[in-house]
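Work out the full structure: start from the sequences and follow the hints.
When the letters of the sequence shown are read in order and numbered with this note's numbering, they come out as residues 1 to 143.
Just so you know, these hints were derived from the structure itself, not from any lab.
Treat the hints with care, since some could be wrong.
[To be verified] Derived CB-CB ranges, DEER-like:
1) L115 to F11: 20 to 26 Å
2) R87 to T141: 20 to 26 Å
3) G113 to E49: 37 to 43 Å
Note that CB positions come from ideal geometry on N, CA and C, so glycine has one too.
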Amino acid sequence: MSTSSSASPRFDLPEADAFTRPYWDAAAEGQLLIRRCGRCGEAHHYPREFCPHCWSEDVTWQRASGHATLYTWSVVHRNDLPPFGTRVPYVAAVVDLAEGPRMMTEIVDCEEGELRIGMALEAGFRDVGEGTVVPVFRPRTAP
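What follows is the structure in structure tokens.
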């Protein structure tokens, strides 16, 4: 959790560190990064310093295509944590990235009734303030 200069704590700001800084810097430039293992070849997300598949430390950053399919979602109608309460309702989701890993995210620019498991999505990026940009997903407009 991060706090801003205001009295309310922020629960939507990640705590970037030296290891995850490339991920957040890439997001600020409109790029989604994942990690890929040089030993077993598997990709993973969220960023870790080791491969969760084979435990190798031979893992590097890779630019993802930004394409995904919707695995599951839930429409959040109530959230008391700042600043989520001012954004309800919103769609919390899990997507399958084209490169293989699953990722928790938010679906934007899509009506709740249009959501379908397996629908094609593309990455977008939201500036949440305080110098932080986070990936979100929207329906894919082109194949």
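Do the hints match the structure? See the list:
1. Checked against the given bound of 20 to 26 Å, the beta carbons of L115 and F11, roughly 24 Å apart, stay inside it.
2. At about 23 Å, the beta-carbon gap between R87 and T141 stays in the expected band of 20 to 26 Å.
3. At about 41 Å, the beta-carbon gap between G113 and E49 stays in the expected band of 37 to 43 Å.
This entry satisfies every hint, going by the numbered hints stated previously.
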